[in-house]
Structure formats: C-alpha cells, structure tokens
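Novice: What follows is each chain in one-letter form.
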Amino acid sequence: MTYRTNDDDALQGALKQAIQPITGELDRDLWPEMVHRLEAPQKALPWLDLIMASATVVLLAITPSAIPLLTYQL
Amino acid sequence: MESLIQPASLIEFAKGGLDAFEVVFRDSQHEVYRWILRIVRNPAIAEELTIETFWRVYKSHAHYDPGRSFHAWVRRIETNVAISHVKRAPANAAELKDIAAPQIQDSAVQRDTREHIQKAFSALPVQLRVPALLSLIEETPQREIAEALGIS
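Going line by line, the protein sequences match chains G and R.
Position 18 of the first sequence, counted from 1, bears residue number 18 in our numbering, the numbering being contiguous throughout.
Position 80 of the second sequence, counted from 1, bears residue number 80 in our numbering, the numbering being contiguous throughout.
Extracted from the complex, chain G is given alone in its bound form (with noise of 0.2 Å):
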C-alpha cells in the first residue's frame, strides 16, 4: 500500500499544472505505410567491411607483434 502525505499532494498538482497530460489519438490508419516498410528492401550486408575485419583479425592472430603497430595507427 501506498501512503500519501499532503507534499506529495501538492508536488503531483505543481507537476500536473507545469505539464500537461497528453491527449490524442491516432487518427488515421498506419496499415499502409507498415506495408510500405515491409516492402521496403532490406539493408545489406557490409560484407567488404566484414571480410576485411575478419582479414585483420586473422593477421594479427599470425603475426601478434602487429599489435602495438596498428594500435599506435589507431
């Protein structure tokens, strides 16, 4: 159970007179540009910036002394 006292009171109806409640409806219907979304094409892949992260990894992997040398790049 909640108890209230007579500042938490006069806190909410400060609060409530500086902000206003919203109000609204929705009034039209979304179905159509949900389908447009849907249809939209999808995002592709970064599969050159994958395949060259992946490149990277796997070198350093290799050659571990490369480390310090791509971290002073970075």
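A few of these clues could be false.
Straight-line Cα separation of at most 27 Å, DSS-like style, residue types lysine-lysine; simulated pairs [what the hints assert, rightly or not]: (1) 87/R to 16/G; (2) 119/R to 87/R; (3) 16/G to 119/R.
None of these hints come from the bench; they were simulated from the model.
Small disclaimer: the values here were computed from a predicted structure and weren't measured.
Fit chain R to the supplied structure of chain G, relying on the hints for placement.
Specialist: Chain R alone, transformed into the frame defined by chain G:
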C-alpha cells in the same frame, strides 16, 4: 484492454502469417500509438515509433508464444522503442507541454515556476523521467507501468 484478436490469428501470426499480422496490427495500432504518445509526447514521432514497434513485432513473431498475452508482449516492445527514442533525443522541455492543451493564462511568476519545473523534469534521467511522467502526469496505474518497464 478490449481486444478482438482471435486465438487462431495469434497462432498464425506466430508462424509469420502476414494476414494475421494485419489483423493484430489493425486491432492494436491505436493502443500502441496512445502508449507511445504518453512517453514521447509528440504525435508525429509517436506514429513513426508505432510503425517501428510493429516492424519489430513482425520480425520477432517466432519468439511470441500464442499461449501468452499478445498485448503484454507488445507493450514491452513498444515501451523499449519509446524509451530508446527518449534516450537518443535530447531532453526537451517543450515536449512536456501538451500541444493539444489550451494555453494557460497566468502571471509571469507562475509561468516562470512552470518553466523551471519543466526544465527540472527534463533534466531527470530517462529511467526516472518516464515512470514519473506515466505515474504523476498521466496517472497510469503503477502496476501497468511496472509491467511495461519490466520492474517490480
């Protein structure tokens, strides 16, 4: 919440059926919009996030268990979408004013106090601002807020 969705539609939705998705979309879009609007307080953004919510709902259809409440499941998703938006967007005291509400005629002191309160409220961390907004301003039952936010 009064829902007209038949259990068969929910089973079909869980299998990825587009027709069933349309049924659940049309049944739930208004409720989803209203809830998001309470959090983001901007009708245009609420529409955009309603679409985003259903996009995620559709993509996650395989994770939905038709034996459980569809609306409770969607509520968690829509709340996450709305909160993510609030976190990304800079805190804006202007959005705390209901654009549909009549302008209050008051003294400069009252206006100043109101603006200070709005500014202070906007400065709250999102994890406090959203529950406070829903509870103190929108007077949403605390149980509903806790379920939507996944807190007890």
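Novice: Would you mind marking each hint as holding or not holding in the structure?
Specialist: Right, here's what the structure says about each hint:
1. Using a Cα cut-off of 27 Å, the hinted pair residue 87/R and residue 16/G holds, with the two alpha carbons roughly 23 Å apart.
2. The suggested pairing of residue 119/R with residue 87/R holds, with an alpha-carbon distance near 16 Å, which does not exceed 27 Å.
3. As the CA atoms of residue 16/G and residue 119/R are separated by approximately 14 Å, the hinted pair is consistent with the 27 Å bound.
The structure shown violates none of the earlier numbered hints.
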